[in-house]
Amino acid sequence: MKFSFSEEQTEFRNMLRRFLNDRSPTTEVRRVMETEAGYDPEVWRMMAEELGVTAIHIPEAYGGAGFGVSELAIAAEEAGRALLPSPFFGSTVMAATAIAEAGTDAQKQALLPGIAGGGTIAALAAAEPGTGWNADAFTATASPAGGTWRLTGRKSYVLDGMAAGLVVAAARLPQGGLGLFSLPADSAGLTRQPLQSMDPTRRLAQMDFDGAEAELLGGPEAGAPAWARTLDIAAVCLAGEMVGGAERLREDALEYVSMRMQFGRSIASFQVTKHKAADMLLEVELAKAAAYYAAAAADGGDEEVDQPLPALASLAKATASDTYMQTAIHAVQMHGGIGFTHDNDTQLWFKRAKASEVFLGSAADHRERMLQHWNA
Amino acid sequence: MTDFTEDEIRAEVRAWLTANWDPDRGLVEWRNILIDSGWGVPHWPEAWHGRGLPVGMTPVVEEEFDKVGAVGVAKMGIRTLAAATILEHGADLHKQRFLRGILTGEETWCQLFSEPGSGSDLAGAVTRADFQGGKWIINGQKVWNTSAHHADFGLLLARTDWDAVKHQGLSYFLLDMRQPGVQVHQLRQMNGHASFNQVFFTDAEIEPEYRIGEVGEGWKVATTTLMHERRGADGVRRYATGSDRPGRIYEEERAEVATVMAPYVWYPQRTGRADLLIERAKAAGCWDDPAVRQEVAKALTLARTAEWTARRAREAQQMGRPQGPEGSIGKLAASIVARACAKAHTMIAGPDAMLTGEDDGAGGVVAEILVSTPAISIAGGTDEIQRNIISERILSMPKEPRHDTDRPFRDVPRNQVG
Ligand SMILES: Cc1cc2nc3c(=O)[nH]c(=O)nc-3n(C[C@H](O)[C@H](O)[C@H](O)COP(=O)(O)OP(=O)(O)OC[C@H]3O[C@@H](n4cnc5c(N)ncnc54)[C@H](O)[C@@H]3O)c2cc1C
Chain A
1 MKFSFSEEQT
11 EFRNMLRRFL
21 NDRSPTTEVR
31 RVMETEAGYD
41 PEVWRMMAEE
51 LGVTAIHIPE
61 AYGGAGFGVS
71 ELAIAAEEAG
81 RALLPSPFFG
91 STVMAATAIA
101 EAGTDAQKQA
111 LLPGIAGGGT
121 IAALAAAEPG
131 TGWNADAFTA
141 TASPAGGTWR
151 LTGRKSYVLD
161 GMAAGLVVAA
171 ARLPQGGLGL
181 FSLPADSAGL
191 TRQPLQSMDP
201 TRRLAQMDFD
211 GAEAELLGGP
221 EAGAPAWART
231 LDIAAVCLAG
241 EMVGGAERLR
251 EDALEYVSMR
261 MQFGRSIASF
271 QVTKHKAADM
281 LLEVELAKAA
291 AYYAAAAADG
301 GDEEVDQPLP
311 ALASLAKATA
321 SDTYMQTAIH
331 AVQMHGGIGF
341 THDNDTQLWF
351 KRAKASEVFL
361 GSAADHRERM
371 LQHWNA
Chain B
1 MTDFTEDEIR
11 AEVRAWLTAN
21 WDPDRGLVEW
31 RNILIDSGWG
41 VPHWPEAWHG
51 RGLPVGMTPV
61 VEEEFDKVGA
71 VGVAKMGIRT
81 LAAATILEHG
91 ADLHKQRFLR
101 GILTGEETWC
111 QLFSEPGSGS
121 DLAGAVTRAD
131 FQGGKWIING
141 QKVWNTSAHH
151 ADFGLLLART
161 DWDAVKHQGL
171 SYFLLDMRQP
181 GVQVHQLRQM
191 NGHASFNQVF
201 FTDAEIEPEY
211 RIGEVGEGWK
221 VATTTLMHER
231 RGADGVRRYA
241 TGSDRPGRIY
251 EEERAEVATV
261 MAPYVWYPQR
271 TGRADLLIER
281 AKAAGCWDDP
291 AVRQEVAKAL
301 TLARTAEWTA
311 RRAREAQQMG
321 RPQGPEGSIG
331 KLAASIVARA
341 CAKAHTMIAG
351 PDAMLTGEDD
361 GAGGVVAEIL
371 VSTPAISIAG
381 GTDEIQRNII
391 SERILSMPKE
401 PRHDTDRPFR
411 DVPRNQVG
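Line by line, the protein sequences are chains A and B.
Using the numbering used here, you'd call the opening residue of the first sequence number 1 and step up by one each time.
Using the numbering used here, you'd call the opening residue of the second sequence number 1 and step up by one each time.
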C-alpha cells in the first residue's frame with residue numbers, strides 16, 4: 001500500500017520499535033559502536049529468532065517469511081530511527097536480495113535459509129573505489145576456471161564486510177556482462193580490511209580478490225538485472241532508514257528546544273525556531289511519502305503506479321538523503337553548543353546522515369538515474 | 001591611504017626585516033624584538049607595542065613578513081580577544097601586565113562567557129562574583145571554553161548584582177586560571193577533538209585590580225570582546241600550521257602549534273576549506289562532472305564574495321569612512337560558506353565521504369571538514385543571533401518584545417541547570 005499501512009504492518013512496526021527502544025537505546029548504540037564486531041550478537045540473534053527481521057522478504061520456500069519490500073523498508077526505517085548497529089542492511093537487505101534475484105533454485109536453497117535464520121551474515125561486494133555503485137564502470141573481473149570462476153579486483157565500501165561469513169560479489173564476465181558470484185568470506189585469494197568509517201555504527205570493508213574461487217549465481221545473463229533490482233530495493237530501504245533517522249532527529253530537536261530557555265523564555269517560542277521545526281516536519285513528511293511510495297512500487301501489483309521502479313527508488317533515495325542531512329544540520333544547530341559535542345546523541349545521527357548521503361550513490365547520481373528512467 | 005604610502009611602508013618593513021630577521025633566534029626572543037619595533041602589531045598604538053597604522057596596513061606588513069618567512073607575534077586564538085578587550089577597556093596596569101605576554105605567546109587565554117544555562121543569552125550569566133575580604137570570590141560554572149585547559153588567564157563575565165536588571169548586574173574580570181579554586185574538564189566534540197572545556201569555580205579569587213571596567217559595566221566590556229570575535233579576530237581564518245622550514249625559531253613555532261595552539265588545529269576545517277575544492281575534485285577525477293562543478297562554483301562564489309565583502313569593510317575603515325553593513329555580515333556569511341563547502345566536498349569525495357582518518361583519501365582533512373563545519377554556525381554567537389543583530393541593529397527592524405530586561409535579574413525565569 002503506497003499511502004497507508006495495514007494494521008499488520010503497523011503492529012510489526014510497533015513491535016520493532018518497542019524491541020529497539022528496549023534493546024538498543026543510545027547508551028547501547030554507543031557501547032556497541034566501540035566494540036570490534038560493531039554489533040551485538042545477542043540482539044542480532046533475538047532479531048533473527050524472535051522477530052524474524054532477517055527473514056522478512058526472503059521467500060518462504062527458502063526459509064524466509066515471504067513478506068515484501070514494504071515490510072523490509074519498515075524494518076529499515078525502525079533500525080534507522082534507533083540507529084541500530086547491526087548487519088541487517090548489509091546481510092538481509094543487500095546480500096539476500098542479490099542472491100534471491102540472481103540465484104538458481106538450488107543456490108537459493110543453499111544460501112538463503114542461513115541468512116534468513118541469522119546464522120549466516122552475508123555482504124554484497126559491488127562498489128569499487130572511484131566508481132561507486134555504477135555497475136557500468138565495475139572493473140573487477142571473473143574468469144572461468146574448470147566449472148568454477150576466479151575473481152580478481154578490488155571492492156570497497158562493503159557494508160558489514162568484516163562481519164560477513166558469506167560474500168556476494170559483482171564482477172565483469174569475459175563477454176563484458178555483469179555476473180554475481182558467491183564465495184565464503186574466508187576463501188583463499190580474498191583479503192578483507194576494515195575501513196575507518198566516519199559513522200561508527202555502520203561498518204565498511206575493502207575486499208581484494210586475487211583469483212578467489214567463486215560460484216556464479218544464476219547464469220551469465222542473470223547478473224545485470226539482478227544487480228539493478230538489488231540496487232533499487234537497497235535504495236528504497238535506505239530511503240526508509242533515512243526517513244526513520246530524520247524523524248528521530250526532528251523529534252529529539254523539538255523536545256530539546258521545548259525545554260531550553262534563553263532570554264527568559266523558551267527558545268521554542270522564537271518564530272525562527274518554529275519555522276525551522278515546521279520546515280523539518282515538511283521535509284521529513286515529503287521524504288516519507290517518497291520512501292513509502294517507492295517501497296509499494298517495488299512490491300508491484302498496483303496499476304496506478306505509473307513510473308518504473310528505478311525512477312521511484314532513485315527519487316526516494318535522493319529526497320531522503322537531502323532531507324536527512326538538512327534535518328541533521330538543523331538538529332545540531334537547534335541544540336547550540338551541546339549539539340557539537342560527542343556526548344550529545346545528535347552527532348551520531350549526523351554522521352549516519354553524512355554516510356547515507358553518499359552510500360549507494362549521491363543525490364545527484366540518483367536524480368540523474370530517476371530522469372533516465374522517468375516515464376514522461 | 002595612497003599607493004605611495006603603502007609602498008613606503010613595504011620598503012620600511014623590508015629594510016627592518018633585512019636588518020633584524022634571523023631564524024636562528026629563539027621564538028620569544030624574536031617576538032620581543034618585534035614587539036619593541038612595533039612591526040608585530042603595526043595597527044596598535046605606539047605606546048603599546050604598535051605603530052599606530054591603520055588596521056588595513058597590517059595585512060600589507062604581514063605580506064612582507066611572509067615573503068621572507070619571518071615569524072610574527074602570537075596572534076591566533078582567544079589571546080586576540082583578550083588583547084582587543086584590554087586595549088579598549090583596560091587600565092594601564094592591565095596593558096602593562098598582559099599585552100606583552102599575549103604577543104610573545106608566553107601566556108595563553110580563554111574566554112569564560114558561556115554557561116550551561118546561558119549561551120546565546122550571555123547576559124543571563126549566573127556565575128557569581130562577591131566582594132569579600134578585599135577580593136572577588138568566584139563561584140559557578142562556565143562551559144564550551146576553548147583552550148581553557150591550557151590557559152593561564154581567562155576573560156570572565158560574572159554577576160555582581162542580582163537585584164539590578166540583567167545587563168547591569170555583570171562585571172568583567174581577568175581571572176588567573178592557575179589556582180586551586182578553578183577546575184577544568186575537557187569536553188570531546190563531534191569531530192573527535194577536545195578543544196573546549198567545562199570550568200568550575202569554587203571560591204576562586206581575583207584581586208580587585210583585575211576587574212576591567214566598572215562594577216556593573218561588564219556587559220559593555222563583553223560587547224567589545226564579542227564584536228571582535230564575530231569579526232573573526234579569534235583567528236578563525238588563520239591557519240595554525242607553522243612552517244616546515246629548518247631553523248631554531250621554526251622548531252619552536254612548531255612546538256607551540258603542537259601544544260597551546262592544538263585546540264585550534266581543526267579551525268581551518270570548520271571554514272569548509274574552499275581552497276581545497278578544485279584540487280580535491282581533480283584528484284578525485286570528478287572535475288569534469290557538471291553537477292560537481294556547479295557545487296564547487298557555488299561554494300567558491302560564496303567564499304570569494306564573503307572575502308571581498310570583508311575587504312570592502314576594511315578599505316572603508318582604512319579610508320576613514322563609516323562602516324556599512326559589510327562589517328556585520330561576515331560571521332553569518334562564514335556559516336553559509338562553510339555549509340556550501342561541506343556540500344561540495346561531499347560530492348567530490350563521493351563514497352569516500354563515509355570514511356575518516358587516512359582512509360578518506362585526503363589524509364583525514366575532508367572527513368574533518370564534514371564534522372567540523374557545524375561549529376561555525378554556533379561558536380561566537382549562532383546564526384540565529386547574528387540574524388537578530390543584523391535585522392534589529394543594522395536594519396532597525398522592531399525588536400522582539402522582551403520579558404527579561406524589565407525586572408530585577410533574580411526574577412527572570414531561567415533554566416534549572418548548572
Ligand atoms: C566550537 C565552539 C567553541 C566555543 N568556544 C567558546 C569559548 O571559548 N568561550 C565561551 O564562552 N563560549 C564558547 N562557545 C559557546 C558558544 O558561544 C555558544 O554555544 C553559543 O553562543 C550558543 O549558546 P548555547 O550553546 O547555550 O545555545 P542556545 O543559546 O541554547 O541556543 C540553542 C538554539 O536556540 C537558538 N536561539 C537562542 N536564542 C535565540 C533567539 N533569541 N532567537 C532565535 N533563536 C535563538 C540558537 O540560535 C540555537 O539554535 C563555543 C561553542 C562552540 C561550538
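No lab work stands behind these hints, which were simulated from the structure alone.
Any given hint could turn out to be false.
[Said to hold, decoys possible] Partner residues aside, some chain B positions facing chain A, computed with beta carbon under 7 Å:
hint, residue
1, Gly-119
2, Gly-181
3, Val-184
4, His-185
5, Met-190
6, Asp-203
7, Leu-276
8, Gly-320
9, Met-347
10, Ala-353
11, Gly-357
12, Lys-399
13, His-403
14, Asp-406
A quick note: this is a predicted structure, and the numbers were derived from the prediction, not measured.
C-beta atoms are modelled at their ideal positions from N, C-alpha and C, and glycine is treated no differently.
- Which of the numbered hints above does this structure break? Structure breaks hints 2, 3, 4, 6, 7, 8, 12 and 14.
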